[in-house]
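Enquirer: So the sequences go chain by chain: A and B.
Read in order, the letters of the first sequence are residues 1 to 322 in the working numbering.
Read in order, the letters of the second sequence are residues 323 to 648 in the working numbering.
Just so you know, not all the hints are guaranteed correct.
[As the list claims (entries may be wrong)] Calculated pairs, DSSO-like style, for lysine-lysine (alpha carbon to alpha carbon, straight line, at most 30 Å): (1) B:465 with B:559; (2) A:37 with A:9; (3) A:232 with A:130; (4) B:500 with A:70; (5) A:35 with B:500; (6) B:465 with B:567; (7) B:567 with B:553; (8) B:559 with A:79; (9) A:75 with A:130; (10) A:37 with B:465; (11) B:553 with B:465; (12) A:27 with A:232; (13) A:70 with A:283; (14) B:500 with A:75; (15) A:37 with A:27; (16) A:283 with B:500; (17) A:213 with A:27; (18) A:283 with A:79.
By construction, these hints were calculated from the structure, which means they are not laboratory data.
What follows is the residue order along each chain.
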Amino acid sequence: MELKSNEKKEIIGDAVILERPEVSLWKDAFRRMCKNKMAILGAIIIITLFVLAIFAPYIAPYHYAEGSLKDNYAKPGDKYLLGADFMGRDVLSRIIYGTRISLSVGIIGASTAFILGVLYGLISGYYGGKIDNIMMRIVDIMYGFPTLLLIILMMVLFKSTFAVTTPGTIAGTLSAIDNAFGGLFFIFIGIGVTAWIGMARIARGMALSLREKEFVEAARATGNSNFQIMIKHILPNLIGPCIVAVTLQIPRYITFEAFLSFIGLGVNPPTPSWGMMISEGYKAIRSYPHLALYPGIALAITMMAFNFLGDGLRDALDPRMK
Amino acid sequence: MTIKVGINGFGRIGRNVFRAGLKDKEIDFVAVNDITDAKTLAHLLKYDSVHGKLPEVKLEDDTILIEERRLKVLSERDPLWKQYTDYLWNALHGDFGPSYSSRSRTVNDIISTHFPVSAQLGVLAVIVAMVVGIPLGMISALKQNTFIDYFCMFFALLGVSVPSMTLGPVLVWIFALKLHILPVARWGTWQQAILPAFTLGIGSAALLARLTRASMLQVIREDYIRTARAKGVSEEKVTVHHALKNALIPVVTVIGPLFAALVTGSLIVEQIFAIPGCGKYFITSITNRDYPVVLGIMLLYALLIIIANLIVDLTYSWIDPRIRYS
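Construct all of the structure, not just a fragment, from the sequences and the given hints.
Expert: Pasting the structure below:
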């Protein structure tokens, strides 16, 4: 019998012991994921997008707000690789800077969902009983309301309330922060407020079943406090499925932002959001289809990449689901 | 001469009116819808002053002033708590009040003229989703792990990933602008309904395909299917009569919420195809700051989604007698 490089054969008397180094769940999952070509493709695209977003000023040929009116609606060509929009701004540069907006929305959504949602669900599921009842009813109320409508309502409120107030007050400060972010700050809040709800339900369900397991019993018997059990014993066990759920949710956050910018509740011009570029470009689609199509394709590719990666992660972490 | 400009969606002022007003120095401030309008205005003024039609003018951003004027008008009515409780009480009785931007129509009028269009579009999109999605899922389940299966599932993943704001322009570009077989926009004839229905329905078709496949795969492994095969029932009959019937149970239960989601999710599609539905009017109302309309449509949508979910919960055990609420 041939042995692989990481296997070990040992003979003690008559017994032959075959040994293989311990493989952790994560290493195993990583190995399984590497076999999934789609997931690798998704990961490569996402890494490329992050590189584009971080090094946008060095990669993009022009600044996103800079345009010359004599070049407005320029066709794709040597000077502007993907053409120029109605203000003569380079479409390619705006798409490259636009990755910053989309990815930052994705990251903010994912991290609030992850940190708030997992903690909330963990506490609710671990303690159970009355605490669980109260915490989950709050979640149910928010879950019953359609997410997109909730975000739209919040954006309408933010954009109108914080436009009126004079500087110096809390609302004035928030509005100043929002302006500094190019209108993204309120989108972050809107997505953050709604993103954790779904995650809290997932984490709570898992915590509820995990706390009945023997290892938790053992941990309690050896004198661990509730806090220690939650953080050291239950949290590591529910982190896998939560990561999968979060990755599959990222495309949703990205569409929310594009959607809001499309209907005019999102970023402030000239911040280059793909959703806004599509809505601006669509007005001229009869003559200049490239203006709406290229940002649209960028959006679709990004969402596809996250979906590929999310599906791959799910299959890798939980092979039974396939 | 300095003109104060506020970007608050107070409404568009026609260029000619504005020019005339400026000449007579009647206007000292102007409210515009968005930044694009403000920029257009700036260009216009520059052009006019360069060509000697106007004295040199400077634009000064004063959104705050204009919004405050607007709020002052609102607060001169009842105190806030009274306005709020009145609104709630009227909304409970199905009256959403007057619209700010349209003086002759109430919110109820607006909803009753625009909502049927959205509902039609939603029904068409659900039909597209079912007609495309369910067969796709069935085929890929029956041919599991073959090329056909992979192709169908790749298509489904594509459908889930491509948002309607990408799909809409792409379909318009291909079918309306390149092939010239379908109209670009508007609503009324059946040709005009095809592109919006597909744009809205394809994403859900992909979802239904994945769901049908998963539930079909589960069902065809059940014992009663094997029994049916063993007693010599033909393969088509097993698939259609025995397997499909049970496999469609979870699919049927999502169609209600799907309809609600499609009707409410048609904002973008209605905007792209210039369809006079609730969604388009909703967006216009947001830019116009027409809060009663925004609230009214929002409440209607939320109600629709809640009712759809309730119907599903109630019909669950009727569709599938194995499920019981005890």
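Enquirer: Between the alpha carbons of residue 75 of chain A and residue 130 of chain A, is the straight-line distance 30 Å or under?
Expert: The given pair, whose Cα atoms are some 64 Å apart, is violated under the 30 Å limit.
Enquirer: Under the criterion that the straight-line Cα-Cα distance not exceed 30 Å, is the pair residue 553 of chain B, residue 465 of chain B satisfied?
Expert: 23 Å, holds
Enquirer: Holds or violated: residue 37 of chain A and residue 27 of chain A, Cα atoms, limit 30 Å.
Expert: 17 Å, holds
Enquirer: For a C-alpha distance cap of 30 Å, please report whether residue 37 of chain A and residue 465 of chain B respect it.
Expert: 21 Å, holds
Enquirer: Check the hint pairing residue 232 of chain A with residue 130 of chain A against an upper bound of 30 Å on the C-alpha distance.
Expert: 24 Å, holds
Enquirer: Between residue 35 of chain A and residue 500 of chain B, is the straight-line Cα distance small enough, at 30 Å or below?
Expert: Judged against 30 Å, a Cα distance of about 40 Å means the pair is violated.
Enquirer: When you check the alpha-carbon spacing of residue 213 of chain A and residue 27 of chain A, does it fall within 30 Å?
Expert: Holds: residue 213 of chain A and residue 27 of chain A sit about 24 Å apart, inside 30 Å.
Enquirer: What's the verdict on residue 283 of chain A and residue 79 of chain A, does the C-alpha distance respect the 30 Å limit or exceed it?
Expert: 23 Å, holds
Enquirer: Regarding the pair residue 465 of chain B and residue 559 of chain B, is the alpha-carbon distance no greater than 30 Å?
Expert: 17 Å, holds
Enquirer: Measure nothing beyond the straight line between the CA atoms of residue 500 of chain B and residue 75 of chain A; if it is 30 Å or shorter, mark the hint as holding.
Expert: 17 Å, holds
Enquirer: Mind checking the alpha carbons of residue 27 of chain A and residue 232 of chain A for me, to see if they're no more than 30 Å apart?
Expert: 20 Å, holds
Enquirer: What's the verdict on residue 500 of chain B and residue 70 of chain A, does the C-alpha distance respect the 30 Å limit or exceed it?
Expert: 28 Å, holds
When each numbered hint is compared with the structure, violations occur for hints 2, 5, 8 and 9.
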